[in-house]
Every structure is written in structure tokens, then in C-alpha cells.
Amino acid sequence: MTGTFYGLGVGPGPYGLLPVTALEILQTADLIYAPRSRVSPDSVALAALDGLPFPRDRVREVEFLMDGDDTRIGEHYAALAHEIAAHQRAGRSVAYLTIGDAMTYSTLGYLVAALTREAPDLPRRVFPGVTSYATAAALTGFSLGEGKERVLILPCPDDMAALRADILVHDVVALMKVGRRMADVLALLQELGIAEHCALAHRLGLDGEVVLPSLAPAPDPGRLGYLSVVLIRREAPRRFA
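Residue numbers for the sequence shown follow full-length UniProt numbering, so the first one is 1 and each next one is one higher.
Calculated directly from the structure, the hints in this document are not laboratory data.
Incorrect hints may appear among the rest.
Calculated lysine to any residue pairs in the SDA-like style (CA-CA distance at most 20 Å, straight line) [as the list claims (entries may be wrong)]:
1. Lys177 - Leu206
2. Lys177 - Arg60
3. Lys177 - Pro219
4. Lys177 - Glu118
5. Lys177 - Arg36
6. Lys177 - Ala137
7. Lys177 - Asp42
Taking CB as the label site, the calculated pair distances span [as the list claims (entries may be wrong)]:
8. Glu61 - Pro155: 16 to 26 Å
9. Ala236 - Ala113: 34 to 44 Å
10. Glu24 - Leu206: 17 to 27 Å
11. Ser214 - Gly145: 42 to 52 Å
12. Arg125 - Gly51: 46 to 56 Å
13. Glu75 - Ala162: 23 to 33 Å
14. Ala138 - Ala113: 29 to 39 Å
Each residue gets a CB set at the ideal place from its N, CA and C atoms; glycine is no exception.
Required output: the full structure, derived from the provided sequences and hints.
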């Protein structure tokens with residue numbers, strides 16, 4: 001009997017936002033893969049599960065690769081898929097954790113594609129999770145879309161002229177992967193005169209969390225960046241009497 005591969009979106013931080021079905025899978029999986037950044041000593045996805053009951057002795061931390069040339073990324077996830085498929089063929093179920101939603105700007109997408117090539121006959125299921133921008137919107141009272149508003153989910157571009165153009169043709173932008181560009185983004189929002197009705201969340205549910213329902217005045221960008229999401233509204237939200 002073969003084991004099943006489960007891709008699990010665990011949410012942005014330890015807020016208990018893990019779907020019930022995903023928690024049940026965690027509690028019964030034979031192996032749990034927790035991806036970890038090369039520059040981080042700990043897995044953020046694993047930290048998002050703090051306080052939840054599951055067998056941590058089954059966890060295996062693995063380095064994830066998201067940036068670089070396509071060949072290197074392909075080889076990395078092909079090797080990981082080969083390893084996971086071997087466990088499945090041995091009858092072991094495997095869960096793979098990813099922060100936020102399972103298929104929204106997630107390394108899980110690379111792994112699922114690699115597993116499809118490596119072992120198209122083996123069973124796999126992917127469960128969605130709560131995104132960072134949805135959590136940030138809930139915490140700040142920021143509406144992600146009203147009526148027929150145009151909403152864009154965007155990894156932050158290096159070119160602020162490109163970001164300006166995106167903002168001007170969308171009502172709402174959920175800006176992800178801001179990183180070292182935070183100072184430039186904040187300056188652009190101030191220049192456009194819209195910072196007051198924009199919001200920001202940094203390290204949701206983790207040590208050093210910052211949640212700002214408005215970006216006027218502009219916060220210090222030096223302490224923000226990695227694991228940050230900026231919610232941008234081109235015009236002030238409607239107010240009803």
C-alpha cells in the first residue's frame with residue numbers, strides 16, 4: 001500500500017488558523033517536512049504551529065530554494081520529490097508544510113510539479129491555508145475589495161515606477177515579498193498621498209510582530225521587510241452615513 005503526500009498551508013503565524021482537516025493530517029502523518037530558509041535557523045512554517053498538538057518527532061526540516069536559476073531550482077525539487085516518492089512507495093504518508101496558503105507564491109507549487117513528474121501514479125492532496133494578506137486585512141479592518149473593485153496580488157517589483165503603474169490601475173494591491181524594498185515602497189505611498197489608507201503587517205504571529213492600520217506617518221522601514229505584506233488602497237474607502 002502506498003502512502004499519500006499532503007501539502008498543507010499552515011497560515012501566516014501561530015494564530016490557530018490551521019484548517020481542522022490539515023491538523024488531523026499532521027497528527028497522523030508518518031513524516032512531516034518543514035521547509036526552512038537558508039538564512040534562518042528555524043522553520044517559520046513550524047513556528048506557525050506552536051501550541052498545536054502533533055508528533056514533533058516526525059518532523060524533518062529541509063532547506064527550501066525559491067530563488068536562483070530555473071535549472072538549480074528544478075534539480076533541488078526533483079531531488080526532494082524523489083526522496084518523498086520513495087517514502088510513499090514504502091507506505092509512509094508525508095505532509096509538507098508551507099506558510100500562508102499552499103499554492104499562493106509558495107515553494108509547494110514547485111514540489112507538486114516535481115512530484116507529478118517523478119511519480120504521477122502516487123496519491124497527493126493539497127489543502128489551502130490562510131494567506132498573510134487576508135490575516136493582515138482582518139487585523140487592520142482593511143477591506144480587500146468592495147463592489148467591483150479591481151484587486152491585485154503582487155510580489156513587490158524592484159522598479160517603483162512599475163509599482164506606481166500597478167497601483168494606478170487597481171483599486172487595491174496586496175503587496176507581498178517586500179523585503180529590502182520597504183523604504184522605497186513607503187516613500188512611494190507618501191508621494192502618491194495614499195499612505196493614510198494603506199496598512200502593513202510584519203511577522204504575523206511571530207516574535208517582532210508589527211501591525212499598522214495606517215502608514216501615515218511612515219514607520220521606520222529599517223525594522224520591517226522580510227515576512228511583510230503591505231495593503232494598498234488607491235483611494236480612501238467609502239464611508240456610508
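Okay, the hints, checked on the actual structure:
1. Lys177 - Leu206: holds, 17 Å
2. Lys177 - Arg60: violated, 26 Å
3. Lys177 - Pro219: Since the Cα atoms of lysine 177 and proline 219 sit roughly 18 Å apart, the hinted pair holds (cutoff 20 Å).
4. Lys177 - Glu118: violated, 30 Å
5. Lys177 - Arg36: Cα-Cα ~16 Å, so holds.
6. Lys177 - Ala137: holds, 16 Å
7. Lys177 - Asp42: holds, 19 Å
8. Glu61 - Pro155: 16 to 26 Å: holds, 25 Å
9. Ala236 - Ala113: 34 to 44 Å: holds, 42 Å
10. Glu24 - Leu206: 17 to 27 Å: With a Cβ separation near 24 Å, glutamate 24 and leucine 206 satisfy 17 to 27 Å, so the hint holds.
11. Ser214 - Gly145: 42 to 52 Å: Violated, since serine 214 and glycine 145 (Cβ atoms, about 19 Å apart) do not stay within the stated range.
12. Arg125 - Gly51: 46 to 56 Å: violated, 25 Å
13. Glu75 - Ala162: 23 to 33 Å: Once the Cβ atoms are compared, 30 Å apart, the range 23 to 33 Å for alanine 162 and glutamate 75 holds.
14. Ala138 - Ala113: 29 to 39 Å: holds, 31 Å
In summary, the structure is inconsistent with hints 2, 4, 11, 12 from the numbered list given earlier, while agreeing with the others.
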